[in-house]
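Enquirer: Those sequence lines, one after another, are chains G and Y.
When you line the first sequence up against my numbering, it's residues 1 to 104, in that order.
When you line the second sequence up against my numbering, it's residues 1 to 207, in that order.
You may find that some hints are simply not true.
[What the hints assert, rightly or not] Computed spacing ranges between beta-carbons, pair by pair:
#	chain 1	residue 1	chain 2	residue 2	range
1	G	Pro13	Y	Glu66	43 to 53 Å
2	G	Phe71	Y	Tyr122	32 to 42 Å
3	Y	Gly181	G	Ser39	37 to 47 Å
4	Y	Thr128	G	Ala56	31 to 41 Å
5	Y	Gly97	G	Ala95	46 to 56 Å
Keep in mind that the hints were calculated from the coordinates and are not lab data.
Keep in mind that this is a model prediction, so the values were computed, not measured.
Each residue gets a CB set at the ideal place from its N, CA and C atoms; glycine is no exception.
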Amino acid sequence: MTTAGPERERHQPESHRRVYLRTLLWLAVLMGLKVAVVSAVMPRALTVGTLLVLMALKIYLIAAFFMHLRFERATLVYVALTPVILLIVLFFGVAPDFGAVFGR
Amino acid sequence: MSSLEATETRQPVASEWSGGRAPFGVSTYKFGMWLFLMADAMTFGGLLAGYGMARLASATWPRATEIFGIELVGLMTLVLIASSGAMALAVDGAKQGDRTRLIRFLTLTVLGGATFLGLQAYEWSRFTAGGAGLASNPWGVPLFSGSFFVITGFHGLHVLSGVIYLTVALLMARRGGLTAGGTEIAGLYWHFVDLVWVAIFTLFYLI
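The task is simple: from the sequences and hints, build the whole structure.
Expert: Listed below in structure tokens is the structure:
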């Protein structure tokens with residue numbers, strides 16, 4: 001059975017086209033900012049810190065809007081955050097050993 | 001046994017196994033893709049953490065932007081971001097039931113992925129022509145080229161798999177056999193590949 005016009009419209013899922021285009025634009029802007037930061041003469045710590053913040057913003061935009069995590073239940077967001085937390089634990093768990101061994 | 005009796009027999013079994021609720025609120029297929037991506041994220045995380053340790057352990061580290069050229073890597077990143085955007089629009093087209101839009105943007109996504117691979121092949125050939133190998137390079141830091149080949153190679157394999165996956169999806173879409181859910185799951189994979197590249201681009205090339 002086919003659905004009638006108005007009923008079909010009611011069941012039509014909402015389009016996220018504008019959200020996707022805006023996300024794409026922001027990703028391009030952030031990418032340009034990253035290149036600008038690398039080209040600018042700044043203290044090394046400031047450059048690294050700014051690049052990490054810009055990277056985190058880009059990852060957030062992709063995960064939240066392109067991968068729809070913004071529209072999913074919190075339980076799925078927790079699943080997605082698990083590897084990030086484990087990576088931080090791994091890095092900062094091992095880094096002190098490396099620092100001690102190599103004196104850095 | 002009538003079909004009504006069969007339905008009545010099956011329902012309680014399904015109810016017992018489902019627990020009466022869906023805690024993640026997504027289909028089994030989509031959740032399966034998420035679990036795969038999270039396992040994959042941990043592999044990439046391990047590689048990037050290992051790379052970080054290699055940098056900590058090395059007294060010197062070549063500046064990747066000077067070796068590879070920010071223009072080429074920047075172009076590769078833009079191409080991948082644009083293809084990710086095209087994938088998002090393909091998913092939207094599928095959800096709206098607009099098959100023309102789905103096929104158009106899925107084609108653009110595949111072309112973007114293939115272009116990225118072509119650019120990466122060019123980057124690799126230039127790097128190896130300059131004397132860089134898996135265990136040695138002209139800059140005297142073997143871990144630099146070793147990390148480069150392992151990390152970008154592993155990511156490149158993901159892009160290649162994605163291009164094949166999306167080409168199959170495109171063929172299915174042309175025949176009218178690709179569902180909106182299936183498109184979204186393929187999109188999750190492709191966006192993940194883009195997301196990982198954002199991390200590689202920053203951590204390996206820019207910092």
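Enquirer: Run every hint past the structure and note whether it holds.
Expert: Against the structure, the hints come out as follows:
1. G/Pro13 / Y/Glu66: 43 to 53 Å: Given a distance of about 48 Å, which is inside 43 to 53 Å, the answer is holds.
2. G/Phe71 / Y/Tyr122: 32 to 42 Å: Holds, since phenylalanine 71 of chain G and tyrosine 122 of chain Y (Cβ atoms, about 38 Å apart) stay within the stated range.
3. Y/Gly181 / G/Ser39: 37 to 47 Å: Check passed, 43 Å falls within 37 to 47 Å.
4. Y/Thr128 / G/Ala56: 31 to 41 Å: 33 Å, holds
5. Y/Gly97 / G/Ala95: 46 to 56 Å: At 51 Å between Cβs, range holds.
The structure fails none of the hints (numbered hints given earlier).
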